[in-house]
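Asks: Chain A is fixed; fit chain B onto it per the hints.
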Amino acid sequence: MKVSAVITLKKDVLDPQGKVIHETLDGMGFNSVNEVRQGKYFEIDVKENDPKKAKDLVEDMCKKLLANLVIENYKIIETQ
Amino acid sequence: MKSSVITFPGSNCDRDMDVALTKFGFKNKMVWHNDQELPKSDLIVLPGGFSYGDYLRCGSMASKSKIMHSVINFAKSGGLVMGICNGFQILVESGLVPGVLLRNKYLQFICKNVHVKVDNKENTFFKNLDKKVLELHIAHNEGNYFCTNDQLKEIEDNNQIAIYYCDQNGNTNDQINPNGSIKNIAGIFNKEKNVLGMMPHPERMIDESLSGEDGSIFFKNLLNNIK
Numbered sequence: 048m049k050v051s052a053v054i055t056l057k058k059d060v061l062d063p064q065g066k067v068i069h070e071t072l073d074g075m076g077f078n079s080v081n082e083v084r085q086g087k088y089f090e091i092d093v094k095e096n097d098p099k100k101a102k103d104l105v106e107d108m109c110k111k112l113l114a115n116l117v118i119e120n121y122k123i124i125e126t127q
Numbered sequence: 123m124k125s126s127v128i129t130f131p132g133s134n135c136d137r138d139m140d141v142a143l144t145k146f147g148f149k150n151k152m153v154w155h156n157d158q159e160l161p162k163s164d165l166i167v168l169p170g171g172f173s174y175g176d177y178l179r180c181g182s183m184a185s186k187s188k189i190m191h192s193v194i195n196f197a198k199s200g201g202l203v204m205g206i207c208n209g210f211q212i213l214v215e216s217g218l219v220p221g222v223l224l225r226n227k228y229l230q231f232i233c234k235n236v237h238v239k240v241d242n243k244e245n246t247f248f249k250n251l252d253k254k255v256l257e258l259h260i261a262h263n264e265g266n267y268f269c270t271n272d273q274l275k276e277i278e279d280n281n282q283i284a285i286y287y288c289d290q291n292g293n294t295n296d297q298i299n300p301n302g303s304i305k306n307i308a309g310i311f312n313k314e315k316n317v318l319g320m321m322p323h324p325e326r327m328i329d330e331s332l333s334g335e336d337g338s339i340f341f342k343n344l345l346n347n348i349k
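Taken in order, these protein sequences are the chains called A and B.
Using my numbering, the first residue of the first sequence is number 48, and each one after it goes up by one.
Using my numbering, the first residue of the second sequence is number 123, and each one after it goes up by one.
Same shape as in the complex, but just chain A (with noise of 0.2 angstroms):
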């Protein structure tokens, strides 16, 4: 099954893209916009129908490989 993880920054770390994206937003007129962060999206096929084992699983992707932990948080999202 496939399952989604998605990686954000924390609330304190830096993110000068995000920041820029909001400028450049900001110049093309959207000026309603408060804040960016960037982050990253994965989609993982997983050979697992369980949906508990495939989620565990990627979460145990999440913390040894897909997020640095000191800077990133991570949320799984099923998908199917």
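Quick caveat, the hints were computed from the structure, so don't treat them as lab data.
Careful: at least some of the hints might be erroneous.
[Unchecked claim] Computed cross-link-like contacts, SDA-like style, restricted to lysine to any residue with a CA-CA straight-line distance of at most 20 angstroms:
hint	chain 1	residue 1	chain 2	residue 2
1	B	Lys-186	A	Asp-107
2	A	Lys-57	B	Gln-273
3	A	Lys-111	B	His-191
4	B	Lys-162	B	Ile-194
5	A	Lys-58	A	Tyr-121
6	B	Lys-227	A	Leu-56
7	A	Lys-66	B	Asn-226
8	A	Lys-110	A	Ile-91
9	B	Lys-305	A	Asp-59
10	B	Lys-239	B	Pro-300
11	B	Lys-227	A	His-69
12	B	Lys-186	A	Glu-119
13	A	Lys-122	B	Leu-178
14	B	Lys-315	B	Asp-241
15	A	Lys-110	B	Gly-217
16	B	Lys-186	A	Leu-113
17	B	Lys-249	B	Ile-339
18	B	Lys-315	B	Phe-341
19	B	Lys-227	A	Asp-62
20	A	Lys-111	B	Thr-270
21	B	Lys-149	B	Phe-341
22	B	Lys-124	B	Asp-138
23	A	Lys-111	B	Ser-192
24	B	Lys-275	A	Val-60
25	B	Lys-305	A	Val-60
26	A	Lys-57	B	Lys-227
27	A	Lys-57	A	Asn-120
28	B	Lys-349	B	Asn-250
Replies: Coordinates of chain B only, in the frame set by chain A:
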């Protein structure tokens, strides 16, 4: 003295490091990332470059390669390990030194000579160094050193900051900070000070024709300290 330089796919300062180590008297061996065993070594170097194309996070993939198990064991048993630039990024991703290296604050790839202040000489890397400020070269996109407040406190309490970005007189301030690193940190030790990660490239400053020779001072001193 024997050294080993690890080559990862995308390393590009590995041969420069080989030239530098050999020039100052190390018997150096090149080791492929997919090997499992390290040759007998007094020093292991993780070189600069763009291992795995900097995919995911710089150094993240290389930190999981086969040889890194041996490098981590070597470091944990007290062996000397030095990571330069991408090698520093691999060290933080492997957990051998604390913190992370973020994208440079002003989003520019920086390639220039900088001055660094050597503050801590109670370690094998800088012991007896007769200069306080070295001119070295940096070339990186992700050299913005970051750590949590708790980590910073621990790092400072244990004297783990190895070098700081500074001006030619050794003054550290925001204006001289090239990439936004916390406290102008350019290099850091593990707690035991046998592992050093730093962004500047000493191997690029080993000849008069290479815009400076402060790297020579570093390598000569390092060899004497290991002897």
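Asks: Are the hints correct? Go through all of them and say.
Replies: Hints, one by one, checked against the model:
1. B/Lys-186 / A/Asp-107: Given that 20 angstroms is the threshold and the Cα spacing comes to 14 angstroms, the pair holds.
2. A/Lys-57 / B/Gln-273: 15 angstroms, holds
3. A/Lys-111 / B/His-191: 14 angstroms, holds
4. B/Lys-162 / B/Ile-194: 15 angstroms, holds
5. A/Lys-58 / A/Tyr-121: OK: A/Lys-58 and A/Tyr-121 at ~13 angstroms, within 20 angstroms.
6. B/Lys-227 / A/Leu-56: 15 angstroms, holds
7. A/Lys-66 / B/Asn-226: Since the Cα atoms of A/Lys-66 and B/Asn-226 sit roughly 13 angstroms apart, the hinted pair holds (cutoff 20 angstroms).
8. A/Lys-110 / A/Ile-91: Between A/Lys-110 and A/Ile-91 the Cα gap is close to 15 angstroms, so the pair holds against 20 angstroms.
9. B/Lys-305 / A/Asp-59: It holds: about 16 angstroms lies between the C-alpha atoms, which stays within 20 angstroms.
10. B/Lys-239 / B/Pro-300: 14 angstroms, holds
11. B/Lys-227 / A/His-69: The given pair, whose Cα atoms are some 15 angstroms apart, holds under the 20 angstroms limit.
12. B/Lys-186 / A/Glu-119: Holds: B/Lys-186 and A/Glu-119 sit about 18 angstroms apart, inside 20 angstroms.
13. A/Lys-122 / B/Leu-178: With a Cα-Cα distance of about 17 angstroms, the restraint between A/Lys-122 and B/Leu-178 holds, given a limit of 20 angstroms.
14. B/Lys-315 / B/Asp-241: Holds, at roughly 13 angstroms.
15. A/Lys-110 / B/Gly-217: The hint holds at about 13 angstroms.
16. B/Lys-186 / A/Leu-113: Judged against 20 angstroms, a Cα distance of about 12 angstroms means the pair holds.
17. B/Lys-249 / B/Ile-339: Roughly 12 angstroms separates the two Cα atoms, so the pair holds.
18. B/Lys-315 / B/Phe-341: 17 angstroms, holds
19. B/Lys-227 / A/Asp-62: 9 angstroms, holds
20. A/Lys-111 / B/Thr-270: 19 angstroms, holds
21. B/Lys-149 / B/Phe-341: It holds: about 13 angstroms lies between the C-alpha atoms, which stays within 20 angstroms.
22. B/Lys-124 / B/Asp-138: Since the Cα atoms of B/Lys-124 and B/Asp-138 sit roughly 17 angstroms apart, the hinted pair holds (cutoff 20 angstroms).
23. A/Lys-111 / B/Ser-192: 18 angstroms, holds
24. B/Lys-275 / A/Val-60: Between B/Lys-275 and A/Val-60 the Cα gap is close to 17 angstroms, so the pair holds against 20 angstroms.
25. B/Lys-305 / A/Val-60: 15 angstroms, holds
26. A/Lys-57 / B/Lys-227: 16 angstroms, holds
27. A/Lys-57 / A/Asn-120: Satisfied, since the Cα-Cα distance of roughly 6 angstroms is no more than 20 angstroms.
28. B/Lys-349 / B/Asn-250: Between B/Lys-349 and B/Asn-250 the Cα gap is close to 13 angstroms, so the pair holds against 20 angstroms.
Hint check: no violations occur; every hint is consistent with the structure.
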